[in-house]
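> Read top to bottom, the protein sequences are chains A and B. Under the numbering used here, the first residue of the first sequence is numbered 120, with each subsequent residue one higher. Under the numbering used here, the first residue of the second sequence is numbered 512, with each subsequent residue one higher.
These aren't lab readings, by the way, just hints derived from the structure by calculation. Please note that a few of the clues may not be correct.
[Unchecked claim] Distance windows between CB atoms, simulated:
1. A744(B) <-> A529(A): 31 to 41 Å
2. D650(B) <-> P506(A): 33 to 43 Å
3. R635(B) <-> A524(A): 21 to 31 Å
4. A744(B) <-> A524(A): 43 to 53 Å
Predicted model, so just to flag it, every value in this text is computed and none were measured. Glycine included, C-beta positions come from ideal geometry on N, C-alpha and C.
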Amino acid sequence: MVGALDRKLVRDLRRIWAQTLAIALVLGCGIMMLVGAQATQQTLRDTQAAWYERHRFADVFTGVSRAPASVVADIAALDGVAQAEGRISFAAMLDLDGMEEPATAQVLSLPERPGLNLPLVQRGRLPAPDNANEVALNEPFAEAHGLFPGARFRAVLNGQLRELEVTGWVLSPEFVYTMAPGALLPDDRRFGLIWMPETSAGAVMDMSGAVNQISLRLSRGADERAVIDAVDRVLDPWGGTGAYGRDRQSSHAFLESELQQLGVMAAFLPPIFLLVAAFLVNMVLGRLIALERAQIGLLKAIGYSAPEIGWHYLKLALAIGVLGWAAGAGFGWWIAEAMIGLYADFFRFPFLIRSQGTGALWVGAALAAATVLLGAGRAVWAALRLPPAEAMQPPAPPGFSRGPADRLLAWMQLRQTTMMIFRSILRWPARAAITLVGVSASVAVLVMSYFIFDSVDALSDTLFSQANRQHMTLTLAESRPEQAVRDAHALPGVTRAEGAFAMPVRLVNGHVARLSALQGHFPGATLTQLVDDSGRVITPPEDGLVIPQTLATALGVGPGDHLRVEMLAPPRRVLDLPVRAVIMQGLGQEVHIAAPGLFSAMESAPQVNTIHLSVRDDQIPELHAAIKATPAIAGLSDWSDLRRQFDATLAENLLAMVSIYTMIGALIAVGVVYNAARIQVAERSYELATLRVMGFSRLQVGYVLVGEMMLLTLIALPLGWVMGYGLAQGLVTTMSTDVIQLPFHISRRTFGYATLVVLVAALGAALLVRRRLDRVDLATALKARE
Amino acid sequence: MTQAPAPPVFSARGVTRVYRTGAVAVWALRGVDLELAERELVVLLGASGSGKSTLVNILGGLDLPSEGRVFFRDRELTRASDRELTLFRRDHVGFVFQFYNLVPSLTARENVALVTEIARNPMRPEEALERVGLSDRMDHFPAELSGGEQQRVAIARAIAKRPDVLLCDEPTGALDSATGVQVLAALHEVNRELGTATVLITHNAAIRKIAHRVIVLADGKVKSDTVNTTRIAPEQVSW
Numbered sequence: 120m121v122g123a124l125d126r127k128l129v130r131d132l133r134r135i136w137a138q139t140l141a142i143a144l145v146l147g148c149g150i151m152m153l154v155g156a157q158a159t160q161q162t163l164r165d166t167q168a169a170w171y172e173r174h175r176f177a178d179v180f181t182g183v184s185r186a187p188a189s190v191v192a193d194i195a196a197l198d199g200v201a202q203a204e205g206r207i208s209f210a211a212m213l214d215l216d217g218m219e220e221p222a223t224a225q226v227l228s229l230p231e232r233p234g235l236n237l238p239l240v241q242r243g244r245l246p247a248p249d250n251a252n253e254v255a256l257n258e259p260f261a262e263a264h265g266l267f268p269g270a271r272f273r274a275v276l277n278g279q280l281r282e283l284e285v286t287g288w289v290l291s292p293e294f295v296y297t298m299a300p301g302a303l304l305p306d307d308r309r310f311g312l313i314w315m316p317e318t319s320a321g322a323v324m325d326m327s328g329a330v331n332q333i334s335l336r337l338s339r340g341a342d343e344r345a346v347i348d349a350v351d352r353v354l355d356p357w358g359g360t361g362a363y364g365r366d367r368q369s370s371h372a373f374l375e376s377e378l379q380q381l382g383v384m385a386a387f388l389p390p391i392f393l394l395v396a397a398f399l400v401n402m403v404l405g406r407l408i409a410l411e412r413a414q415i416g417l418l419k420a421i422g423y424s425a426p427e428i429g430w431h432y433l434k435l436a437l438a439i440g441v442l443g444w445a446a447g448a449g450f451g452w453w454i455a456e457a458m459i460g461l462y463a464d465f466f467r468f469p470f471l472i473r474s475q476g477t478g479a480l481w482v483g484a485a486l487a488a489a490t491v492l493l494g495a496g497r498a499v500w501a502a503l504r505l506p507p508a509e510a511m512q513p514p515a516p517p518g519f520s521r522g523p524a525d526r527l528l529a530w531m532q533l534r535q536t537t538m539m540i541f542r543s544i545l546r547w548p549a550r551a552a553i554t555l556v557g558v559s560a561s562v563a564v565l566v567m568s569y570f571i572f573d574s575v576d577a578l579s580d581t582l583f584s585q586a587n588r589q590h591m592t593l594t595l596a597e598s599r600p601e602q603a604v605r606d607a608h609a610l611p612g613v614t615r616a617e618g619a620f621a622m623p624v625r626l627v628n629g630h631v632a633r634l635s636a637l638q639g640h641f642p643g644a645t646l647t648q649l650v651d652d653s654g655r656v657i658t659p660p661e662d663g664l665v666i667p668q669t670l671a672t673a674l675g676v677g678p679g680d681h682l683r684v685e686m687l688a689p690p691r692r693v694l695d696l697p698v699r700a701v702i703m704q705g706l707g708q709e710v711h712i713a714a715p716g717l718f719s720a721m722e723s724a725p726q727v728n729t730i731h732l733s734v735r736d737d738q739i740p741e742l743h744a745a746i747k748a749t750p751a752i753a754g755l756s757d758w759s760d761l762r763r764q765f766d767a768t769l770a771e772n773l774l775a776m777v778s779i780y781t782m783i784g785a786l787i788a789v790g791v792v793y794n795a796a797r798i799q800v801a802e803r804s805y806e807l808a809t810l811r812v813m814g815f816s817r818l819q820v821g822y823v824l825v826g827e828m829m830l831l832t833l834i835a836l837p838l839g840w841v842m843g844y845g846l847a848q849g850l851v852t853t854m855s856t857d858v859i860q861l862p863f864h865i866s867r868r869t870f871g872y873a874t875l876v877v878l879v880a881a882l883g884a885a886l887l888v889r890r891r892l893d894r895v896d897l898a899t900a901l902k903a904r905e
Numbered sequence: 512m513t514q515a516p517a518p519p520v521f522s523a524r525g526v527t528r529v530y531r532t533g534a535v536a537v538w539a540l541r542g543v544d545l546e547l548a549e550r551e552l553v554v555l556l557g558a559s560g561s562g563k564s565t566l567v568n569i570l571g572g573l574d575l576p577s578e579g580r581v582f583f584r585d586r587e588l589t590r591a592s593d594r595e596l597t598l599f600r601r602d603h604v605g606f607v608f609q610f611y612n613l614v615p616s617l618t619a620r621e622n623v624a625l626v627t628e629i630a631r632n633p634m635r636p637e638e639a640l641e642r643v644g645l646s647d648r649m650d651h652f653p654a655e656l657s658g659g660e661q662q663r664v665a666i667a668r669a670i671a672k673r674p675d676v677l678l679c680d681e682p683t684g685a686l687d688s689a690t691g692v693q694v695l696a697a698l699h700e701v702n703r704e705l706g707t708a709t710v711l712i713t714h715n716a717a718i719r720k721i722a723h724r725v726i727v728l729a730d731g732k733v734k735s736d737t738v739n740t741t742r743i744a745p746e747q748v749s750w
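Work out the full structure: start from the sequences and follow the hints.
Shown next as structure tokens:
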């Protein structure tokens, strides 16, 4: 049986349904983000774990120039190594039907009985060990080209043109995220993976009985650092390029970085929403309890205990919590589903282990309960303490009195209606403060959401307009003398060619070491430039290194300190170079030096292994054909195309993301202003009706209500800007991973949009409430005192 | 020779007001005819529910009759738009209510200024407050004033615009006898000195004697309409 008090509860909720809903939505937004991010993260994590486990994803990876296959056994015998496997890997240029420009691929040898990084056949079968022309392709690439089992394509393998037959499509735990070396975005059309039987790969590369890549699995409890050092020692004579753990394996690192960012999202935004919701519960319940003073007194008088009455109001708060939680969980799952769908474009798993984020649901439920109870606490406590006799008396009229603020107001000679606005704010500073904090939170959330686009813009500008102005970049199969640049200049349509030298290195300071790449910059280069986060062009010095901030911190070095630079590819020199400057660098972790200085330190003639080109658009087909026919070129990146892809990816998601951010950001402003205005109307309908009776127009009376809300909103704006700036800065710091560091940049446009959205939302909410004034019956409003 | 009678400030013809809430229809007024002359002070008497407030609300442009016509001088209020009614109230009517209806966030002076800021030919707020004997309480907030003082502020606020009519709904209803007399005296004074036509609702029969005329309402109809041949001063009233 439903008790009378519970019936009152239901009716109270129905009466203030719009306010209840507004609070529940703000709360729900917080829960939605929490559950959404957690469910997405958990789904990706569980899927990742299962995929790695079932297909034996290796723990440590390394390359060598060329080592006898027997060295794999030496490594497997090392302390802490459970299993090791070697393979041959090399780059190939592909010539595909329907694609004028060359595609590139990484070819991987496939042992007869693979023990690590097992490919999963999605379609067809693996190539037969004894068939030299059979290969398997990674599914996304094969899909992009419609290369079904049985299809044939041409590839330049180690300088020879070969026709290969596709036997199957596979996925591998090594390539959840597939990106061509040196690329910025995954591109399944231009970059593929080819699995080829070990014997054919050995024959192609003239490496039978040898390997150039080794991966291994650690035994339980092994010390990864120690194993990596041991592996490096074993492989040193064979030209080891430095072993690394999963944290530096490209696919894993990108996935981890994304998961980390999801975690940040789950931790960063929800608290703001929960806090605002708590304030709103406090505001609305405080008002309700004030209104029901006499009823509380009556309940006490007829024998209800204080805890019973307290529980009654707490249940009201909890009902709001349950509503918000349910809406949040529902939308959270929906968001998770959408995000997982979005991720499917970048991360390829053969299966998904869906998680409902049950943990997040419980955490969300606990947080929702805590939020509303926190908000309700003070108001309910006030109800409990009311002595019944006093409670049944009408509350004392709000005591206004003169203070210094009033002298200021009097001096300002405001109209009385404006005076009412100021006095109301001064009289209920706590309520005004809640509105202020809530609206500024709304501004802050919007600034923090929109600034991402500024940062990406800044990144794109640095990347494409300043740092990389070349149309294409050619990667050479091996280092060549500078003559190669002149040869490239002679290719069809090339208007400018500039060489560069890049070398994988290990940087060592004492016992701290990091893998990186050393970039040698040739003087006079104009196509590529070293640009820091603030857009400053940096000229690398000849006598030392310029290194990015994050790397400097990791290595514990600053300008003036020396670093041991170990080259991980021929000529495998070890140099001792001073750090000359530390810069903020958004993308990439390379260290830089002027090429002449580098080669003089190496005591060798200048060499290039990368060539940047500026080309004429009308000769691109001829250029592509020439590149396909030049075995010395191992890879090609098309920067104009990259920019198109970058912009397209951004544009594709921009509208949806801006709309969602705008909606949730504006929701706070609406929730706060709507509730504050509703309370004003309820408490002051009498006063406002009096104004109407005295001959004030609807507009003039509305001004008192809307004016107060908008004044508070205006005061909240700068506060929100500052809060948003701080939050954005925090977000950049927490979101930065080794893979991506967003530059911190907020444009005026972002502040402008956030301001506009909040102003419109607040005005809309206030005007919506103002309409209630029209419905106040003047005659009765005057008679009845609350 | 007798002067031609002044045209009435208000004239109401067959005013009926029915409130419908759901299936229930409440007849608050049933065909009331009434005229109010310039400078006249009329006391409207009647039991609770007799239709006094409804009538005054209609005269003041706060409510519209279901049937019948109401004129303010030569303007028909029953045909006025919401906007015209607002302007009518702003320019011609002063209201005084039982519960004063002061804006708590404004001082006495500011409450009066509220009206003088939008009126066409107002007196200074100080002058209005002086007329009701509150010169020394002008900068007090409502919460700092007694009931009688608050009501006198309300009267000052009502007269500051120099209204053509003053409509008072139970102005002494919440006050004790002594304080109520002060308020009546203020109203009386305004009527006498400014010549403002005044309608004073009360269910307190003792007050009737200060009026020029007494109209008694019962069940939504005019039960009697009597001219007082002898009036007494408010100070002589007690209840």
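> Please go over all the hints and tell whether each is borne out by the structure.
Status of the hints after comparison with the structure:
1. Our hint of 31 to 41 Å for A744(B) and A529(A) holds, since their Cβ atoms are close to 38 Å apart.
2. For D650(B) paired with P506(A), a C-beta distance near 34 Å keeps the hint of 33 to 43 Å intact.
3. Taking the beta carbon of each, R635(B) and A524(A) are about 25 Å apart, inside 21 to 31 Å as hinted.
4. Take A744(B) and A524(A): their Cβ atoms lie about 44 Å apart, and the range 43 to 53 Å holds.
When each numbered hint is compared with the structure, no violation occurs for any of them.
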